[in-house]
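Chains as they are written, first to last, in my numbering: chain A, 1 to 259; chain B, 1 to 169; chain C, 1 to 420.
In short, the hints are calculated from the structure, not lab data. If you're wondering where the values come from, they're calculated on a predicted model, not measured in any experiment. Please note: incorrect hints may appear among the correct ones.
Unchecked claim - Heads up, simulated DSS-like pairs for lysine-lysine below, C-alpha to C-alpha not over 30 angstroms straight-line:
#, chain 1, residue 1, chain 2, residue 2
1, B, K42, A, K111
2, B, K86, B, K146
3, A, K66, B, K146
4, B, K101, A, K111
5, A, K42, A, K66
6, B, K86, B, K42
7, B, K146, B, K123
8, B, K101, B, K146
9, B, K167, B, K157
10, A, K250, C, K390
11, A, K115, B, K157
12, B, K95, A, K87
13, B, K67, B, K146
14, C, K227, C, K390
15, B, K42, A, K115
16, B, K42, A, K42
17, A, K250, C, K227
18, A, K66, B, K167
19, A, K87, B, K157
20, A, K87, B, K67
21, B, K123, A, K115
22, C, K9, C, K338
23, A, K111, A, K87
24, A, K176, A, K201
25, C, K227, A, K176
26, A, K249, A, K37
27, A, K111, B, K157
28, C, K390, A, K249
29, A, K42, A, K232
30, A, K87, B, K101
31, A, K111, B, K167
32, B, K84, A, K87
33, C, K227, C, K303
34, C, K227, A, K249
35, A, K115, B, K167
36, B, K42, A, K232
37, B, K146, B, K157
38, A, K250, C, K231
39, B, K67, A, K111
40, A, K66, B, K86
As a plain string of letters, each chain reads:
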Amino acid sequence: MKSLFKLFSIIIIIIASNSYSSAAEKVEYLKTDWSFKGLFGKFDRASLQRGYQVYTEVCASCHSMKYLSYRNLAEPGGPEFSEVQAKAIAASFEVTDGPNSDGEMFTRPGKLSDKFVMPYDNVKAAQAANGGAYPPDMSVLVKARGGGVDYIYSLLQGYDEAPSNVSLDDGVYYNKYMYGNKIRMAAPLSDGLVEYGDGTKATVEQMSKDVTTFLMWSAEPHLEARHQMGFKAIVYLIILTILVYFSMKKLWSRIESEV
Amino acid sequence: MSEKKTKRRDFLFTATTAVGAVGAAAVVWPMIDQMNPDASVKALASTEVDVSSLTPGNTLTVLWRGKPVFIRRRTQEEIDEARKVKMEDLIHPEKDEDRAKNPEWLVMLGVCTHLGCVPLNDKGDYNGWFCPCHGSHYDTSGRIRKGPAPWNMEVPKYEFVDANTIKIG
Amino acid sequence: MSDHDYRPKSKVGQWFNDRLPLLTLANHLTDYPTPKNLNYWWTFGGILTFCLITQIVTGLTLAMHYIAHADMAFESVEHIMRDVNYGWLIRYIHANGASMFFLAVYIHIFRSLFYGSYKSPREIIWILGIIIYLLMMAAAFMGYVLPWGQMSFWGATVITNLFSAIPLVGEGIVTWLWGGYSVDNPTLTRFFTLHYLIPFLILGLVVLHIWALHVPGNNNPVGIDIKKPSKDTVPFHPYIVIKDGFALLMFMIVFAFFVFYAPNILGHADNYIEANPMVTPAHIVPEWYLLPFYAILRSVPDKLLGVVAMLSAILILAVLPWLDTSKIRSAVFRPLYKQFYWILVADVLILGYVGAMPAEGLYLLIARVATAYYFLHFLVILPVLGFKEKTLPVPLSITEPVLGGSPNLAAARNKESKIE
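This is chain A alone, in the form it adopts within the complex (with noise of 0.2 angstroms):
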C-alpha cells in the first residue's frame, strides 16, 4: 500500500507541475461564488437566464455564438426557458434560408433547431466593422481562456483609466486583467445598461456574473450532468475498490505472502 501513496504523491507532482498556464501569467482575478464549481456544482438558472439577456442585449451585436442553437435555451442543465418561451426567443430573430424552389435565399423567423443569428456574415465582416480586430466567438470563450470564468469575469470589470506611462492608440482602451492590458473592445457593461425581468439590480458586478455565468454554461452545456454522473461513478468505483480489496485480501490469505 505504500507504493500506491507514492504513486499518488507522483500524481500529484505532476498536476502541479502542469499547472504552468496560470503560474506563467500571475495576475490576480476578482472573485466570486461561483454556483457551478464543486462536486454538486449546479448553474443558477435565473443567473444563466439573466445572462442570456445580457448576452443578446449587449454582446451579440458584435461577438457570434455559432454553436449554441435556440433549442438548448429549453434543454435541462441550461437557463431551461419553457419551451414557448424559446420559441418566441427564436421567432424573434430573422434567418436566413434558403434556397427555395426559386433557387432564391429568403428570411424567416427562427426555429429552436437554428442555431444562434451571427452578427456578422463572416470573421472579414466582423474585422471590418471593428476596426481590425475580431471579436472572438463565444460559444467556447471560458475554456478558450487561461484564467477561465474568473478572468472573464474580471475582465469585464477590469476598465480603468490607463496609468500615465501607458499610452493608448485611438480605439483601445485599458484593461487590468487582459494580456498586456490593452484591449480593443470598449468598456461593454455600465449600471443599468438593461432592465432585468426579475427585478434584480443590473449592476456591472452583477451583469459581470451573470454573463460570465452563461458564458460558462455555453462552454459546457453538460456540465450538470457530467457533476451528477461524476459523483456516481466515483462512488460507485470506491465501493467496487472496497468489494476486490476484501475479495483479494481472502484469495490471499490462502498463500502465505503479503498483497
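Chains B and C: place on chain A using the hints.
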C-alpha cells in the same frame, strides 16, 4: 485454479462480481447510445412546407428526416378512384378517408415499404405510384395493390398550420 | 507455450482445441506462474492494457462523429461535445485517457528501470516496449492535432518542422508530410488516418510484448531468476488478476476525477480557439507527457543537434540493456544505483518542468544541466557503476531468506558480491 476453489464462491466473491458486472454494463450503454440520433437530428423532427403553388394533379416532394415526403394535391377523379376501392381488394386494408383527412391532400412518406426505394409518380397499374426496384404498384391513395411490398406507404403525422402551410412531424 | 500439456475435458473442447489451440492459450494465460512477491508497481501492465482498450473503444466511437476536414473538424468536435448522446463523456475519456496512458507508461518504464527488468533475458520485451512508447507519442501527437484548435495547428507546425533540420532533404520531407506548403487539410486527413492506424499497431506490439514476457516470465522485486512453477510463484488467475484489478480500480478513481471534475486541466486553453494560420499563441507548449523531450530539444542551441539530442534521449533507452553493465537486476541490492535512479527521476521531472517554462534565463540553464545529466546517467554512470558498485547479497529464492543468490545461478556461488 483448482476445482474446490471455484465451487466455494462465497458471498464476498459473488457480491464483487455482481457489482463489477453492473458497472461494466453501465459503461457499455453510452457507447451504444452515441449511435442513436443526436440532439441536433432530433431537433429537426418537424418541417413546414408552403404548398400554395401546388395545383391539383401535381405532387411536391420534400425532404423530412432525410426521406422524401410526397404531398399530392389530388384531382376529383383520383379521390373517387381511391374511395370506391373495396376493402377486400386491398393487401393492407386502410380507408382512404383515414389516410387523407382532407381528401384533396395526400401526404405520405415516399418510401416503398418493401426495401426502402422511392416509388415513381403517376406510374403503375393503379394510376398512383410504382416502385422501380422490385415492381410494387400503389394506388392513388398510396396503398399497395400489387407486388412484394407488404404495407401501404406510411402517412406521417402532419397538420395544416394555415391554408397554405403543412407542418410535417 | 511448450510447457503445457493441456487437454480440454469435453469432447467438443478437444475437437476445437486440436484444430485451434485457443483453450491451451487460455489455460496458459490463467495458469501462468507469476512471482508471488510482485508489488503494486507491477500492476501497470494490466492498467496499460486497460488504457489501450479504452482509447481504442472511445476513439472508434468518436471517429463515428468526427469530421477530418480543416473547415469542419473544430465544429464537429463541438458537435460531439454538445449534441451527440454522451459525446462529452466519450471525448473527455479519450482526451484525458491519453494523459492517463502516459502516466501509466512512465510508471511502467521507471519500474523497469528500478528493478532492472530490461536486463538479460528480457531485452526484447524492453525494446518492444520502447517501440510501443514511440508509437504512443506519435499517436498522441497526431490525436492532439485532430480537434484543429490553435495548439493542434501550431503543435503540428512545430513538430513537423523538426524534420526540416535534416540536411539537404529536410525541407522536401516537411512539404511531403504536410501535403502542401503549410499544415492544412491534407495534413489533417493523413494525421487522422495514421491516428486511427497506430493504436492497432500498438495492440499488435502489445501481444508480442506479452508473448516475449511469457518466455522468461516476470522479473520481480528481488530481481532473481525463480523456478516456475514453484512455491515462489502463484497462478496468474485469480491471484494476479484480482491484484491488478484492485490497482486498476484505484487508477480509475483518479481517471474519473479528471474526466468528471477537471476534464480540461491537462489540456491547453488555446486549443478551444479554432486553428488560425495567421496567429501563433503566446505560449506554445506540448502536452505534459512530451515536456521532458521538448526541454531537451530547446536546450541545444543548434537546430539539427537539438533534434538529434531529443531523438537520442529516447533511442538511448533501446540500448540500455547493454549500457547497464551490472549483473544484479534489482536496485534493492544496488545501493549506489538506487541513489542515481532517484536522481534520474528528479532530473526527468525537472526537465518536464522547464519544458513548460519559457526557454530563457535560468530555465534555459537548468534545462541544459538537466539534459547533460540525462545523457551522463545513461552513457557514463550506468556503464561505470556496473563495474565499481559494491552490491548487497542477493537471496537465493523469494520464499527462503537464504542469501547468496544471483540473477544467474552460476554466479550464485560467488557469495560476497562484487560480481565478476
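When the structure is checked against the list of hints, which entries are broken? Sort them ascending. 3, 6, 10, 12, 21, 22, 25, 26, 28, 32, 33, 40
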